[in-house]
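Starting from the known structure of chain H, arrange chain P on it as the hints suggest.
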Amino acid sequence: DQQVKQNSPSLSVQEGRISILNCDYTNSMFDYFLWYKKYPAEGPTFLISISSIKDKNEDGRFTVFLNKSAKHLSLHIVPSQPGDSAVYFCAASSYDKVIFGPGTSLSVIP
Amino acid sequence: DTAVSQTPKYLVTQMGNDKSIKCEQNLGHDTMYWYKQDSKKFLKIMFSYNNKELIINETVPNRFSPKSPDKAHLNLHINSLELGDSAVYFCASSQSGSGRHYRDTQYFGPGTRLTVL
Chain H
3 DQQVKQNSPS LSVQEGRISI LNCDYTNSMF DYFLWYKKYP AEGPTFLISI SSIKDKNEDG
63 RFTVFLNKSA KHLSLHIVPS QPGDSAVYFC AASSYDKVIF GPGTSLSVIP
Chain P
1374 DTAVSQTPKY LVTQMGNDKS IKCEQNLGHD TMYWYKQDSK KFLKIMFSYN NKELIINETV
1434 PNRFSPKSPD KAHLNLHINS LELGDSAVYF CASSQSGSGR HYRDTQYFGP GTRLTVL
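Residue numbers (this note's numbering), protein chains in the order written: chain H, 3 to 112; chain P, 1374 to 1490.
For the record, the hints were derived by calculation from the structure and aren't laboratory data. Positions of the beta carbon are idealized from the N, C-alpha and C atoms, including for glycine. Please note: incorrect hints may appear among the correct ones.
[Said to hold, decoys possible] Here are some of the chain H residues that sit facing chain P, going by a computed Cβ distance under 10 Å:
(1) Tyr-38
(2) Lys-40
(3) Gly-45
(4) Pro-46
(5) Thr-47
(6) Ser-51
(7) Ser-53
(8) Asp-57
(9) Phe-64
(10) Phe-67
(11) Ser-96
(12) Asp-98
(13) Val-100
(14) Gly-105
[Claimed, not checked] In silico lysine-lysine, DSBU-like type, Cα no more than 30 Å apart, as pairs:
(15) Lys-1440/P / Lys-99/H
(16) Lys-1413/P / Lys-73/H
(17) Lys-99/H / Lys-1395/P
(18) Lys-70/H / Lys-1417/P
(19) Lys-99/H / Lys-1413/P
(20) Lys-70/H / Lys-1395/P
(21) Lys-73/H / Lys-1382/P
(22) Lys-1392/P / Lys-58/H
(23) Lys-1417/P / Lys-58/H
(24) Lys-73/H / Lys-1440/P
(25) Lys-1444/P / Lys-7/H
[Unchecked claim] Among chain P residues calculated to face chain H with C-beta under 7 Å, some are:
(26) Phe-1415
(27) Phe-1420
(28) Arg-1436
(29) Val-1461
(30) Phe-1463
(31) Tyr-1475
(32) Arg-1476
(33) Gly-1482
(34) Pro-1483
(35) Gly-1484
(36) Thr-1488
Looking at chain H on its own, in the form it has when it is part of the complex:
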């Protein structure tokens, strides 16, 4: 019963191009969404978040888009840099739970 899905286990992008990471959720009670980035042998670190009252949030090179009707969010990284190579976790939360997706491994090729 995967309530949060990241259907692309991996993604490769050329340096300077756009990276688009996708996340789908099933529970309409989720009202806050977060993206975390994880390097090998480290814990996840917070990247960006969005509330369900918004459809877009931007922070530098990172933008998260939320489509509530489709229960879909995406993370855009522009321009992609080699240091962005990591695993990206989507997380969906409500007042009583937080559920993480399985992650997407992004490789940015120089």
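Same frame as chain H, but now just chain P:
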């Protein structure tokens, strides 16, 4: 001056043993968590704890128990270890107390890789 630290980083042990993983946060946060990252890489919350309540994920076996000597520490005790307990365990903390903490940014420790032989 690591914000969330865990010890040990690696733990190899035999089936049936009892072990503990320690976690400390120096952020002054009110809520701490334990997560298990299984072989399929899903991060699953096991416990969330603040000074008012312990919330346990109902799928967690009662062989697992969190112990909090104070607000800055949440240790994980595991009794009668089984092969399926092999995973990476992450401790995390967030600022808020109960009521909205699931929506908070969480700060994770580096993880403890547990291998049960």
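We went through each hint and held it up to the structure:
1. Tyr-38: 8 Å, holds
2. Lys-40: With Cβ-Cβ at 8 Å, under 10 Å, it holds.
3. Gly-45: 3 Å, holds
4. Pro-46: 5 Å, holds
5. Thr-47: 7 Å, holds
6. Ser-51: 7 Å, holds
7. Ser-53: 8 Å, holds
8. Asp-57: Violated, because the Cβ-Cβ distance from Asp-57/H to chain P comes to roughly 18 Å (cut-off 10 Å).
9. Phe-64: 14 Å, violated
10. Phe-67: Since chain P brings no Cβ nearer than about 19 Å to Phe-67/H, farther than 10 Å, the hint is violated.
11. Ser-96: 7 Å, holds
12. Asp-98: Hint holds; Asp-98/H Cβ to chain P Cβ min 7 Å, cut 10 Å.
13. Val-100: Nearest chain P Cβ about 4 Å off; hint holds.
14. Gly-105: At about 5 Å, which falls below the 10 Å cut-off, the nearest Cβ of chain P leaves the hint on Gly-105/H intact, so it holds.
15. Lys-1440/P / Lys-99/H: 21 Å, holds
16. Lys-1413/P / Lys-73/H: Holds, at roughly 23 Å.
17. Lys-99/H / Lys-1395/P: 24 Å, holds
18. Lys-70/H / Lys-1417/P: 24 Å, holds
19. Lys-99/H / Lys-1413/P: 20 Å, holds
20. Lys-70/H / Lys-1395/P: Not OK: Lys-70/H and Lys-1395/P at ~39 Å, beyond 30 Å, violated.
21. Lys-73/H / Lys-1382/P: 37 Å, violated
22. Lys-1392/P / Lys-58/H: 44 Å, violated
23. Lys-1417/P / Lys-58/H: 27 Å, holds
24. Lys-73/H / Lys-1440/P: Not OK: Lys-73/H and Lys-1440/P at ~37 Å, beyond 30 Å, violated.
25. Lys-1444/P / Lys-7/H: 33 Å, violated
26. Phe-1415: 5 Å, holds
27. Phe-1420: 12 Å, violated
28. Arg-1436: Interface hint status for Arg-1436/P: violated (22 Å vs cutoff 7 Å).
29. Val-1461: 9 Å, violated
30. Phe-1463: Since chain H brings a Cβ to about 5 Å from Phe-1463/P, closer than 7 Å, the hint holds.
31. Tyr-1475: Tyr-1475/P check passes; min Cβ-Cβ to chain H is 4 Å, inside 7 Å.
32. Arg-1476: 4 Å, holds
33. Gly-1482: Holds - the Cβ of Gly-1482/P comes within 7 Å of chain H, reaching about 5 Å at its closest.
34. Pro-1483: It holds, given that the least Cβ distance between Pro-1483/P and chain H is near 5 Å, below 7 Å.
35. Gly-1484: OK, holds: Gly-1484/P within 7 Å of chain H, min 6 Å.
36. Thr-1488: Violated: closest Cβ of chain H sits about 15 Å from Thr-1488/P, beyond 7 Å.
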